[in-house]
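Going line by line, the protein sequences match chains A and B.
With the first sequence counted from 1, adding 5 to any position gets you the working numbering.
With the second sequence counted from 1, adding 391 to any position gets you the working numbering.
Hints are computed from structural coordinates only; laboratory data are not their basis.
For each residue, glycine too, the CB sits at the ideal point set by N, CA and C.
Some clues are possibly wrong.
[Said to hold, decoys possible] Chain B regions said to be covered by chain A (calculated; three or more residues, Cβ under 8 Å):
hint, stretch
1, 435-441
2, 475-488
3, 494-501
[Said to hold, decoys possible] Now the in silico label distances, taken between C-beta atoms and shown as ranges:
hint, chain 1, residue 1, chain 2, residue 2, range
4, A, GLY59, B, MET432, 29 to 35 Å
5, A, GLY59, B, THR502, 42 to 48 Å
6, A, SER17, B, GLY407, 43 to 49 Å
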Amino acid sequence: QKEVEQNSGPLSVPEGAIASLNCTYSDRGSQSFFWYRQYSGKSPELIMSIYSNGDKEDGRFTAQLNKASQYVSLLIRDSQPSDSATYLCAARGSSNTGKLIFGQGTTLQVKP
Amino acid sequence: NAGVTQTPKFQVLKTGQSMTLQCAQDMNHNSMYWYRQDPGMGLRLIYYSASEGTTDKGEVPNGYNVSRLNKREFSLRLESAAPSQTSVYFCASSEGGDSYGYTFGSGTRLTVV
Numbered sequence: 006q007k008e009v010e011q012n013s014g015p016l017s018v019p020e021g022a023i024a025s026l027n028c029t030y031s032d033r034g035s036q037s038f039f040w041y042r043q044y045s046g047k048s049p050e051l052i053m054s055i056y057s058n059g060d061k062e063d064g065r066f067t068a069q070l071n072k073a074s075q076y077v078s079l080l081i082r083d084s085q086p087s088d089s090a091t092y093l094c095a096a097r098g099s100s101n102t103g104k105l106i107f108g109q110g111t112t113l114q115v116k117p
Numbered sequence: 392n393a394g395v396t397q398t399p400k401f402q403v404l405k406t407g408q409s410m411t412l413q414c415a416q417d418m419n420h421n422s423m424y425w426y427r428q429d430p431g432m433g434l435r436l437i438y439y440s441a442s443e444g445t446t447d448k449g450e451v452p453n454g455y456n457v458s459r460l461n462k463r464e465f466s467l468r469l470e471s472a473a474p475s476q477t478s479v480y481f482c483a484s485s486e487g488g489d490s491y492g493y494t495f496g497s498g499t500r501l502t503v504v
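Based on the provided sequences and hints, a complete structural model is requested.
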């Protein structure tokens with residue numbers, strides 16, 4: 006069973022700090038990776054995707070991918086209380102079915 | 392632009408009752424998926440449809456059936472509900488290519504008593 010692993014947290018950071026969320030995956034053939042944000046009682050919302058090794062920045066969010074280490078991370082700069090949510094990491098499996106494999110999510114708490 | 396629409400949003404069933412969860416997308420996506428989400432278990436794939444006319448089992452298909460009615464609609468049926476099926480159910484759709492993530496519906500919170 007291909008897996009995506011995340012620390013469930015909670016990860017607590019003060020407002021204005023950088024939050025660092027990490028994820029590892031087991032399927033070395035995975036080529037595309039996604040970060041979703043899920044507020045309590047709501048559905049997951051896609052916030053970042055990354056396909057190539059290195060960094061990808063979008064506003065306050067930076068996704069990082071290291072395929073050699075099978076490691077994906079999400080950095081949130083200038084964290085706000087509104088960023089408090091569960092962040093799900095997902096990897097697209099190496100089969101051609103398009104299925105995403107999700108980690109269990111990391112709960113982020115940003116304290117004012 | 393509605394995206395992915397799920398109905399109903401909430402449902403309470405008695406053990407042994409049946410019901411169908413409806414899902415429709417208006418984004419002309421090829422692929423559709425049904426997940427359940429339970430505390431501590433993350434999102435688990437029940438069934439998926441890579442394209443119109445095809446369906447396949449996911450990680451936890453037992454007790455469920457699906458129908459890809461057309462390109463827009465993908466329904467999930469519980470034939471004889473059990474308390475273990477108490478969960479939040481999400482439908483999602485995707486273009487199907489490697490570069491595309493999912494768009495999720497708002498979810499159905501199902502309780503089986």
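Quick rundown of the hints versus the structure:
| no. | hint | result |
| --- | --- | --- |
| 1 | 435-441 | holds (count 3) |
| 2 | 475-488 | holds (count 4) |
| 3 | 494-501 | holds (count 5) |
| 4 | A/GLY59 x B/MET432: 29 to 35 Å | holds, 32 Å |
| 5 | A/GLY59 x B/THR502: 42 to 48 Å | holds, 45 Å |
| 6 | A/SER17 x B/GLY407: 43 to 49 Å | holds, 44 Å |
When each numbered hint is compared with the structure, no violation occurs for any of them.
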